[in-house]
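Peer 1: Note that full-length UniProt numbering has the sequence shown beginning at 1, numbered continuously upward.
Be careful, since some hints might not be right.
[Unchecked claim] Below 27 Å or equal to it, Euclidean Cα-Cα: the simulated DSSO-like pairs (lysine-lysine) are:
| id | residue 1 | residue 2 |
| --- | --- | --- |
| 1 | K771 | K654 |
| 2 | K757 | K146 |
| 3 | K684 | K625 |
| 4 | K783 | K625 |
| 5 | K625 | K654 |
| 6 | K654 | K783 |
| 7 | K771 | K783 |
| 8 | K412 | K529 |
| 9 | K771 | K684 |
| 10 | K783 | K684 |
| 11 | K326 | K412 |
| 12 | K684 | K654 |
| 13 | K783 | K217 |
| 14 | K347 | K274 |
| 15 | K757 | K147 |
Calculated directly from the structure, the hints in this document are not laboratory data.
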Amino acid sequence: MSVPHTTAAESIIVTAATPDKTAIQQKRLMTGISDSLSAEDLRSSTTSSIADSLTKIPGVSAIVNQTTGQGQYVTIRGLAGTYNNFMINGAKVASTNAESRDVSLNLLQPYGMAGVTVSKTQTPDMMGDAIAGSIDFRTPTAFDFKKPQMLRVYSAAGYNDSAMSQNQSSFGGQIQVDGARRFLNDRLGVYLSGYYVVDQTLGQEIENDGEYRPYYKAPDTTSHVDFNSLQLPGIDLAYRRTRQERVGGSFAVDYHEDIWSAYLHGQYARLQVKGDLDTTEYNNTGNYYNASGIWSPSQFLFGREFQVADDNQYLANLQGGGKLDKGRFHLSFNASVSRGQDSTPNKYSTEYDKTFDEGISWSHIDPRFPTVTASPFANSVQYNPALLQLDGASLERSATTNTVVSTNLDIKYDVNDIIRYFKGGFQFRNSTRSYYDHLLWQGDFSGTSLDGLNLAQSGLLGRTVNEILHNHYYYGPIYSREAVISAIRSAMQATPGAGTDAASMYGNDTNTTERVFAGYIMTDITLGKLSLIGGLRYERRNTESAFFNNDSGILSPASSYRGYGVFLPSITANLPVTRNLLFRGAIWTGYSAPEYGYLSGSQTVTRNPGTGNIIAISQGNPNLKAARSLNFDLSGDYYMDANSMISVAGYYKKLRNFIFTNGDSVPATNEVGSIDVTQPQNGKNASLYGVEFTASRTLLGLIPHSSPLYFLDGFGVSGNVTFQRSSANSGQSWRTENTPLVYAPNLLYNMSLNYRKYGLDARLSLSYRGKYIEQLRANQIDKWVQHNRNLSLHVGYNITRNLQVAFDGNNLLNDWAYFTTRGEAVQYQKDYIEFGRTFLWHLDYAL
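Please put together the full structure from these sequences, using the hints given.
Peer 2: Structural data, given as structure tokens:
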């Protein structure tokens, strides 16, 4: 049976799809504009990050986790997670990002998926809170395989060359076992899988410390400044040692009768990150300007800091439901629960530093690597930890937990005339979310054996790192994780509760409950070859938050409520002109709810310590509006065979009340007497438009054996490119012009050269993502993420029918993972990180 996954609700219960369907075949069957990755595409990925794997899809880019160097979040056509829906088997996935509604994808394992579909247009039977589109990850079932029983073992081992070159732990490996069997004359299917993955990386980073400032002092943060005169206060050098462990698996039980079917699917994934972060700080401090307002720093601080950068995440999902087909009547129902957590279990940190009575300056021969210009003494402090005294130490703990419970009921009646069918349904979704960030202790080492000792005497240092970032910098001694943890624990016993109060312990605690009630009606009208799918969806969203207001350290419980409804009409057209030529188009509407943290009305009051008068108020805004969009999409696809096609897709999105999605508010500051009141506000209007070109062609079996070009038989090429532009009015009156949308690059492309013949499967791929704005900053000198590229190689060979070996090389050109600047040009570096190359050797067995 071959059934297209046309909707989120149906995709849960369609488990008898044709095995081994290619992504091109999947795209051809969809009713809307979409792109897919097949199980085979994911297995040949050169990275263990599914976010990085998704960048093969036109218009999709990854947002890098700065601790691991791997993709953690994705954007669709430059619109980040708040504007997207994320699902597993059609069911909503819990979101554990502390600042946004984005879903962390670094939990998911590419090899454990049956496929991924990115829907770039929405129909009324799909969840409406998606302006960019929906991403649906499908896990395998026993009906996905040709044989009635199956057993597979995937294994790999390799290393990260950045870690190896620094004599750090560099080993990486993975193993996955899955199996399936069908019973009762193929009516019952059972699938089980489990995996374990370990990655070890070393990140080498340089980041500016403090905001760039103009040579002549600016009167405020909104005034225009001379971009070419910006001065760098200082830099931080970071040395990140990271070990990731992923454990997880899935199961699927499916039962089919002639007119009804039922299923129960579940997935579990756990990620544990052990991170050691050393930071060396060179920073001008004190007053940066002389009496005339000219840049002339007179002091600098040198420090060495250590932080335990551990992170624990888990995601558990359970979906169940079924379908009844009786004549023209079809009923499907499902229920699901998704629970996830992202926690920082114990964030130990300490810093030793010293301030010196002279300023330093920087030269920028290579803008990525500014070098210090200082006196011989100032330059020598990096070699002498005996100069550094304890600045402080602390222990923090934080976590975000989200539980999502959803139910769906869909009813469809086939008319089988000009009107093909009528369809309607209901959905209820309840999301409970909690967040805390607790400062457990903050103090010094009084009462311990380290009291009064400088860094060289403390016993906290381990080995010395002589150079980082291709010998651009001397680094120096790095901390011992175990010694720092032991020292802070001793200090906590000596001075329990130091530096903490109710505000630092509980002031950030927030609990949010969000309920969504939705219903829709739709129909499919056929006019010759033309199919028109249209309808209306309505969603009602109620959000309640409980939190604390903080008045100069005094907490008081408070709450907020926001409720609203949205109508979402849409129409989708499909026109198969010939057997191979297909046009699609859609006019549809979508919305995106504001971030949880923005909706919370939590208020922080700052008072003058001398007079007690209020100086400033910072608060949330429960009256924020949902971002709304009107979307126009058009595509044309020409299919040559199951592995070859040409596609062109154009799109235009008109947004209003848009929201920045990276946790930064759009501030509205009002003067009420001498009080500054700051709270997030909606942006005004924005637009996004672009075009995607996709092509794939294989020569396998097309060249006659007698042709002199027969040696090309087996080769194939594929690629896609996205050109887009965006413009947004932030609502900040002091900005003189519109900006691009945050996270929206102007250019994305992928190119791949393939060879598949004689048991050999080889693919050389290049991915490129252009630059984009990450944050709006003061004085209109915004934070930009510069372009990123990745050249990767996959080579596999079937030794026997059941046994395969493979090699994967990732980031072969040793490009940076993350490079940001102040302003669009590369002149002023903000942050630059390298993680090196990764190599893996695979041994896979299938029975």
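Peer 1: Does each hint fit the structure? Answer for all of them.
Peer 2: Now for the hints, and whether the structure bears them out:
| no. | hint | verdict |
| --- | --- | --- |
| 1 | K771 / K654 | holds (22 Å) |
| 2 | K757 / K146 | holds (22 Å) |
| 3 | K684 / K625 | holds (11 Å) |
| 4 | K783 / K625 | holds (26 Å) |
| 5 | K625 / K654 | holds (16 Å) |
| 6 | K654 / K783 | holds (24 Å) |
| 7 | K771 / K783 | holds (11 Å) |
| 8 | K412 / K529 | holds (22 Å) |
| 9 | K771 / K684 | holds (23 Å) |
| 10 | K783 / K684 | holds (21 Å) |
| 11 | K326 / K412 | holds (11 Å) |
| 12 | K684 / K654 | holds (11 Å) |
| 13 | K783 / K217 | holds (20 Å) |
| 14 | K347 / K274 | holds (11 Å) |
| 15 | K757 / K147 | holds (24 Å) |
When each numbered hint is compared with the structure, no violation occurs for any of them.
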